[in-house]
Amino acid sequence: MASDGKSVGKGVGTSVGDGRLGRLLVPAVPFLWLGALFLAPVAIVLKIALSDATIAQPPYLPVFDWSEGWTAILDALGALDIENFALLTEDPLYWRAALSSLRIAAISTVLLLLLGYPMAYAMAKAPEKLRPVLVMLVILPFWTSFLIRVYAWIGILKPEGLLSALLLHLGLIDEPLAIMNTETAVFVGIVYSYLPFMVLPLYATLEKLDATLLEAAEDLGCPPWKAFWRITVPLSLPGVAAGALLCFIPIVGEYVIPELLGGSDTLMLGKTLSDEFFKNRDWPLASAVAIVLLVIVVGPIMVYRDIETRRMERAR
Amino acid sequence: MNRRFSWFNATSLTIGFAFLYLPIVILIVYSFNASRLVTVWGGFSLEWYRSIWSNEQLLGALRTSLGVALVSAAIATVLGTLAALALVRYGRFVGRTLFTGMVYAPLVMPEVITGLSLLLLFVSLGVDRGFWTVALSHTTFTLCFVAVVVQARLVGFDRSLEEAAMDLGATPMKTFFAVTLPLITPSILAGFLLAFTLSLDDVVIASFVTGPGTATLPIEIFGRARRGVSPEINALCTILVGLVTVVVILASLVTKRSAMARAT
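Heads up: the sequence lines are chains E and A, in that order.
For what it's worth, our numbering labels the leading residue of the first sequence as 1264, then goes sequentially.
For what it's worth, our numbering labels the leading residue of the second sequence as 13, then goes sequentially.
Just so you know, the hints here were simulated from the structure itself, not pulled from any lab data.
Don't take every hint at face value.
Unchecked claim - Some chain A residues judged to face chain E by a derived CB distance under 10 Å, without partners named:
hint, residue
1, G54
2, C156
3, M185
Claimed, not checked - Each pair of labels, with its calculated beta carbon distance range:
hint, chain 1, residue 1, chain 2, residue 2, range
4, E, T1334, A, D170, 54 to 64 Å
5, A, G79, E, L1309, 29 to 39 Å
6, E, A1342, A, V41, 52 to 62 Å
7, A, S57, E, E1438, 25 to 35 Å
Note that CB positions come from ideal geometry on N, CA and C, so glycine has one too.
Build the full structure now, drawing on both the sequences and the hints.
Below, the structure is given as structure tokens:
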């Protein structure tokens, strides 16, 4: 690729031959890679979501057979329909799974805010020298395995686990806690895993907050709690939005936490998808669930980006 | 902002950090527990570490995971850096919007969808699933993280240095390798590290695209964790946490040293 010696001294933009090829390769290689291993797979999911389930290998119909020529492909295209999506809307199980995913994500996001905001606020008020250390301490758990951190809670939450033992010992409860395999355990696991994603954007906005505004409020006789509600909170709303979105979206598609900490009654779309795929071997239905999940996840991001762009334009 | 640090601030920090760190500390402490029970402390013991050492299944999974992580992080670092360069340096080109979308979408894509879609691709291509399908899948989603990290560095890049090099007669290629690359190396290393840990951590995508006989360590841990807590897994997790901590500390020391070397 390199032709270092050849064109020395020719100045900017005059390299020829393989230099131009190199320039073309920079976007082309990742473009083709993502096209083949990201875009094509998503297109396949969409196609299979529109297919019918069958007992065969692969377990769906129609199968595109390129060797049969264009007419066969067109016939196959004609056989695609939205039956699976109709099935998803008719069966209350899927509605419940979708709504439960959204509900769990919403409640977790509120809990994360309740825990994360005071933390980020305290970090922003900490002495300047201490702040990088505190940020590092928030980031560090992110580097340790997500799976391990969720696993750690099993030993704490299960009935014969540490939390029950501690509370029994203190005499606060009479019988072991029944938290494990319930939605409560899922909330604990989610809040624990996503806390850094909430704290960091909140801290970023709170740290930049103009201190003179609060001083001015104080000079004018405004009590601190009122200054907090009328100045700090409104000015930190972009951070709240960023943190909430960073948490809400991945939680909707969460699979590992409900699988490890939740019970059989904890319905979430990620679990429904994998059950349809692995247990029922209904690939078309699993693909349809994937498409629904994709829309739920991508939708809010589009809305957020739209709001952000407009906000930036207004600021200008 | 008002800088008086109140008792309320101190309490929220204490609770927050206790919440973040206690479970990991408990996990580590109990990996040295001689008793098999979680609540009973049977004295200090390295028994579970010894038993991992003789567990071929876990060691094999560890080797697979490290192999997949190394291979995928290496390819992802190259591809991600190229993608970042394309995003920052290429202005408009055909399919730019599509390209940007393809770089950012995998970041927000639920893992179950990524896993399912890649599995369906491999099935329709008739590829045998195993080490390479996992490595390729990990490369695909981690390269986007590398791209974002490197892109952030490229955006804040002083281009006058490159212009100076070119004015002095360096070719674009030479300028890239002599000026640009050394300056963005810290972010490339950070991207590699991120890709490596993400790959080492992934359980969902790997469970979809892996084949018989190629279980990664997270798949093993996930399978055992579903059946409950075992002190062996505690010991294994402790080793992983230790490994990652050492790597992260080393990485931050290296970046600090290179920053100091540049400053002096």
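Consistency of the hints with the structure:
{"no.": "1", "hint": "G54", "result": "violated, 14 Å"}
{"no.": "2", "hint": "C156", "result": "holds, 8 Å"}
{"no.": "3", "hint": "M185", "result": "holds, 6 Å"}
{"no.": "4", "hint": "T1334(E) - D170(A): 54 to 64 Å", "result": "holds, 59 Å"}
{"no.": "5", "hint": "G79(A) - L1309(E): 29 to 39 Å", "result": "holds, 33 Å"}
{"no.": "6", "hint": "A1342(E) - V41(A): 52 to 62 Å", "result": "holds, 60 Å"}
{"no.": "7", "hint": "S57(A) - E1438(E): 25 to 35 Å", "result": "holds, 31 Å"}
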